[in-house]
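A.B. asks: In case you want the letters, here they are:
There are 4 protein chains.
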Amino acid sequence: MALVVQKFGGTSVGDPDRVREVADYIARTRRHGNEVVVVVSAMGKETDELIRLAGQVATTRPGREMDMLITAGERKAMALLTMALHDLGVPADSFTGSQAGFITDTNHTNAKVVAIRPARVSESLAAGRVPVVGGSQGVSTGRDVTFLGRGGSDITAVGLAHALGAEVCELYTDVSGVYTADPRVAPLAQKMKAVSFDELLEMTACGCPKPAMRSVEFARTWQVTLHVRSAFTWEPGTWVMKEDPSMEQAIVSAVVHDTSEAKVTVTGVPDKPGIAARLFRALADRDVNVDMIVQNVSVHGVTDISFTVPHEDLDASRDVVDSLTPELGAIAVEADRDIGRVSLVGAGMKSNPGVAATMFETLAAEGINIEMISTSAIRISCVVREADIERSVQALHRAFGLDGP
Amino acid sequence: MALVVQKFGGTSVGDPDRVREVADYIARTRRHGNEVVVVVSAMGKETDELIRLAGQVATTRPGREMDMLITAGERKAMALLTMALHDLGVPADSFTGSQAGFITDTNHTNAKVVAIRPARVSESLAAGRVPVVGGSQGVSTGRDVTFLGRGGSDITAVGLAHALGAEVCELYTDVSGVYTADPRVAPLAQKMKAVSFDELLEMTACGCPKPAMRSVEFARTWQVTLHVRSAFTWEPGTWVMKEDPSMEQAIVSAVVHDTSEAKVTVTGVPDKPGIAARLFRALADRDVNVDMIVQNVSVHGVTDISFTVPHEDLDASRDVVDSLTPELGAIAVEADRDIGRVSLVGAGMKSNPGVAATMFETLAAEGINIEMISTSAIRISCVVREADIERSVQALHRAFGLDGP
Amino acid sequence: MALVVQKFGGTSVGDPDRVREVADYIARTRRHGNEVVVVVSAMGKETDELIRLAGQVATTRPGREMDMLITAGERKAMALLTMALHDLGVPADSFTGSQAGFITDTNHTNAKVVAIRPARVSESLAAGRVPVVGGSQGVSTGRDVTFLGRGGSDITAVGLAHALGAEVCELYTDVSGVYTADPRVAPLAQKMKAVSFDELLEMTACGCPKPAMRSVEFARTWQVTLHVRSAFTWEPGTWVMKEDPSMEQAIVSAVVHDTSEAKVTVTGVPDKPGIAARLFRALADRDVNVDMIVQNVSVHGVTDISFTVPHEDLDASRDVVDSLTPELGAIAVEADRDIGRVSLVGAGMKSNPGVAATMFETLAAEGINIEMISTSAIRISCVVREADIERSVQALHRAFGLDGP
Amino acid sequence: MALVVQKFGGTSVGDPDRVREVADYIARTRRHGNEVVVVVSAMGKETDELIRLAGQVATTRPGREMDMLITAGERKAMALLTMALHDLGVPADSFTGSQAGFITDTNHTNAKVVAIRPARVSESLAAGRVPVVGGSQGVSTGRDVTFLGRGGSDITAVGLAHALGAEVCELYTDVSGVYTADPRVAPLAQKMKAVSFDELLEMTACGCPKPAMRSVEFARTWQVTLHVRSAFTWEPGTWVMKEDPSMEQAIVSAVVHDTSEAKVTVTGVPDKPGIAARLFRALADRDVNVDMIVQNVSVHGVTDISFTVPHEDLDASRDVVDSLTPELGAIAVEADRDIGRVSLVGAGMKSNPGVAATMFETLAAEGINIEMISTSAIRISCVVREADIERSVQALHRAFGLDGP
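Those protein sequence lines, which keep their order, are chains A, B, C and D.
Take the first sequence: its letter number 161 is residue 207 in this note's numbering, and every next letter is one higher.
Take the second sequence: its letter number 254 is residue 300 in this note's numbering, and every next letter is one higher.
Take the third sequence: its letter number 318 is residue 364 in this note's numbering, and every next letter is one higher.
Take the fourth sequence: its letter number 155 is residue 201 in this note's numbering, and every next letter is one higher.
Isolated chain A (complex conformation) (with noise of 0.2 Å):
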């Protein structure tokens, strides 16, 4: 007998009618022969509606009464899918962050865990019933009631699973696992059946959606096994979990992009130690998200230095770059909103070293120009016009061999 974690995000519980769908599955998985801890978050866009209420009656919102108001969302959730177990005759009670031994630090609307106590949780499960837990709460160390920020349904769940030692936990959500490339983009993408944590993560850095990074983060460091899937087709989904030495290893798994940065150019940099720091060190003091940094060889003691940042990062970037210039001695900067990032990712791409080559012949033969390249152990990623994004993650998933078979 398994015990297992399943959390249920927003969509999955988003009306009646799928709180009782997800109740009628989790009395199936009993029914095989399963433990289950239930994680719910609040039902469809409910905290985004109670945030943008609390946006609507006030402009300074104390942390203490967000959370007041935010974690009444997943109180709603959690009583009314414990009340559809009771309906199909599956024992179950629900438990707040609080009840569920979830302590936290006390910074408000972002809190962090600080300890998970979950006897109340285990004492449910010894009775042979079904905890249902409310997701992304806790109470902080001044006994006051906390909320773990967006998407800490997750951190809920994964938690649970370290703390209660589960054999894996169901993220259960909208799309039905994660794929070798976008199928918007390219039709014959397919759903992967396993990915590492390492591969996830370079992923999501990349501008794979879902799962969120820092589930995948923490899963990583308590060492969770994850099963991303979906509460609308309930197929199999796709399996994260540590890398397996054993296993053999595909040389690229997946092909990544992501259109959301722009790109900074700054020329004509003499080529100096402490110019790039100084840079850097001002843009990080504004909280530009910088990505990619690439700088140039120097000709005749100058140089060029691109960077990438999210678009939304690029008028305080401009701002920063605009008033180091004089200091900085640059000639002229540029920005360029029109850009793409493709990304190629896989565990084996460590010991094969020709992947890089592979990649910019590929690009090449299709008559596109890289202006960036950057790169991990597990990573290649190129930066090229936003207009031939398609176009790269199309030719590089069929000439890494993910078209299938």
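No wet-lab data here; the hints were simulated from the structure.
Mixed in with the good hints, there may be bad ones.
In this list, chains with the same sequence are indistinguishable; a pair is considered to hold if it fits within one copy or across any two.
Stated by the list, open to error - Below 30 Å or equal to it, Euclidean Cα-Cα: the simulated DSS-like pairs (lysine-lysine) are:
no., residue 1, residue 2
1, K239, K256
2, K158, K396
3, K91, K158
With chain A's structure known, arrange chains B, C and D on it following the hints.
C.D. replies: Just chains B, C and D now, kept in the frame of chain A:
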């Protein structure tokens, strides 16, 4: 400096604009030199909405889960109102029923208050802040979240006013007070400046829709002066207080009517001991809410018994009476939905014997037939044809000088 | 048998219970022998909600699509209210603005009515039915659905009352009429039995929040008698009508105040032709809504100009004035948010010269300094410190005998 | 350049984020060189919500008013989606059912399409724009707004695809296609690449929940190729098309099950002409939806008749049978809710006589008793104990090679 408890019902905080308007009014009350404790209901019809949601997910509704669900409504309202106060520079703290010290029995969904220990509310007040308490909530002696039932926010407000020794408990609603008659029926109806607990209890028992009878009972028990008033016009409303013996009492304070009852008549019943007892015990066993009862003088050893019941209890009443017919020896049973009751209420009636006579004469002059009569020390009620109700109210309102000077 | 147009605003039909209560009231009005035409707004805050949804999906909002979207709100309300009438046995028909014959220009989201041809409404009435018309809707000369703008339901109601020759147009809302002052500020404020179009226009221009100025203007233009009243208490409200020369006129009917404006003062302006014109043209070009203007007597060829603008226009006003400072030759510019305006309105003021003097004396006796003064034939307004507004209103309300006998 | 009709169901446009995601996908489809006509349902569960509102205000619901009410839902969705397309630079026009040329009969709330004249849709397409049509709407021959009933958006989409000669009608939903079995029961179930109209009709008749049987019937009648796919994962789904004789046919395409029926058995019925006719005519007169019927071989002139009905029709069925018992001369009636039906569907079954035998052997090997059997040319259904359903599905899915290679 007076201490005022202000309770805002659902309509009063029905949307963000209203929440801000209420916060502005609270700030204004403080500027006028008062200390304020606020009690707030769930926004608009949210409680109904939550109960509806529960009905959509389950037919079995465990009380513990229902209370967890429903109390989410007041949490939202109290957190939002507290934020709106902060926004106006008014320091404020939200408190759940548990935090405000409402200890209840374990009778979920309709818990009874067993103790009020508002230490945190007092501390907040002492610190110059505005405590904002979620209405209708408590914590059971078993440490579970409880709900005090529909209209329970009035209980919370009256209870706090009593426990804290407040000067007045203001109940803000969508009407501007208590009227001498329903203005839809008697267009010259006046808003009453004041009414005694006893009068208002009689009025609510005879068809006056607001405030709820239960909250008037609590206020009388705890001797808490109420001020029923509007959160839309903000004009002074109606004071509800202990009768002041020195005060001149209106002979007739109000004309109240009710068309929600039906009349049942059992004819040809043998006039012997125990018959009525047998009948009304059987009705009580079916939870039929019998209101007026009239038994005719016996003729030749048989009599007729008439009584009124709410429309929704009429079918059950007929079942009961039909099943007893052989045993009662009755000849026939008639049910009549097309009746109405018109009542005069006034504390001065006790010392003015002619009121009943004037009432009967007034109705007679209008050609209106009286079918049943019942009285209390401060009330006279007549059952007439439903079609005659509007004319009855208008004639009585005029006859007793309530149409105004 | 009178023809009455009854218009119910959003709050009046804010939820299903309210829709049924309104239907009951319409049925009652018919039973009292009237013919009724109903105009209904979208339920509660639905129009706001729809506009918000549009803002969440798009920044460009084509007018044609916005009107298609927003008019969905009144469709719901009118269909539901018509069903509720059927349920009470009252025959009724819902009509869109187009079906009711409102022809508009093509100015989407804020269309102007160019003709009203209510043939279908008249037929429905002639057949003994209740027409229920969606407020604020029309069809453009280009055959597209149009919306008459916020508050447009009043226009629909007044327009129908005019076109059908109704005796009165009743505007049902959440307040019970027009008051002699804001009851939050002057607790002894009285509801006015009647007010003339001219007085009410001055009042709405000076801070009285309801009804909307636009609908009073329409009613005056079309000579439609209004009755502003409450759909919650149903008591008689305030009649708005043409001034009756035979009627004795109150010298002062109401005290109105407004704290939503700021004062801008430009000092040291050369006193020569065209300076003021230059300044106020520039403000108008920026859509700044200037209200009061005062220019001091010139001393040594220079003068000061003060004017008031809504708080939200203050920044734009400063920009305009700052940019003109060299040209105007002004010495300094001051902006002051902490002001308020208190106004007396009364049709009898025209023939009573001492009102202004009494007003100034009353404020002086309270030690309140007057910073600006402006007058019309039936209104006197003074700008004072915002902190003095409540005391000003209270003192004037008392001084002019409005506190009641 | 292909013409594609894309229909998005309620979940696909359930909130503003989803509306924008759908608009982005439509823009992408155009960029890939297609012409697109969009059909959109009301957002999320809005249709249910509107029907619920109607139920809260009235018990009588005139069809004309219901259709005025319900069609408000699609108006909102189509206007919002059109705005979102404009926001992406895609020219688009919203059209009501009436504007799109759907002429219906006058059968309100469930109108039948009598003609489609999509002139305005064609003009919009010809102008290089995207027509966005409100689903399930029309205008009656009496010029009133009509609603095509639940699931009517599929009818709108299939009808437009037929009338405009589209290459394919894509039905976007929250599942990613049609599966060889329910993945909750058979975890190795595969998404089908394609299925014929006939097979899918049999499957939907036997418990496969999506797409609705009605839309498959329309598509077969009008010979419109469907593509059932996900608006969440956007991966290719299942094609539904005319059977291609050259195509190799799977003997068994899918295993479908259904636990929503009950079995009624009438025993000891005299075996003479007209008995069955009498019984099933009486059931039909009560609108009981009889599915499978089995009559045993007669023994000694008496026989047994068993049939299945949906759970919700069981009570009516018993009433009917009980009232006929004397007339039928039956000995006893039994009702059994604890049954389930498992069905094999496959176009290749026609030419493969051994399928039934294999099915029976497979169930026998599992120790599962068959209680009733019925067949069509391309389907075999067996009634078994409800508790055996999951094992039956799993065993058959494996036995017929659907578990995959």
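A.B. asks: At most 30 Å between C-alpha atoms: does K239 with K256 qualify within a copy, between copies, both, or neither?
C.D. replies: both (15 Å within a copy, 25 Å between copies)
A.B. asks: At 30 Å max between alpha carbons, let me know whether K91 reaches K158 within a copy, between copies, both or neither.
C.D. replies: For K91 and K158, the Cα distance is within 30 Å only inside one copy (23 Å; across copies 35 Å).
A.B. asks: From the Cα coordinates, with 30 Å as the cut-off, is the pair K158 and K396 best called within, between, both, or neither?
C.D. replies: Result: close neither inside a copy nor across copies, 34 Å intra and 63 Å inter.
The structure shown violates just one earlier hint, number 2.
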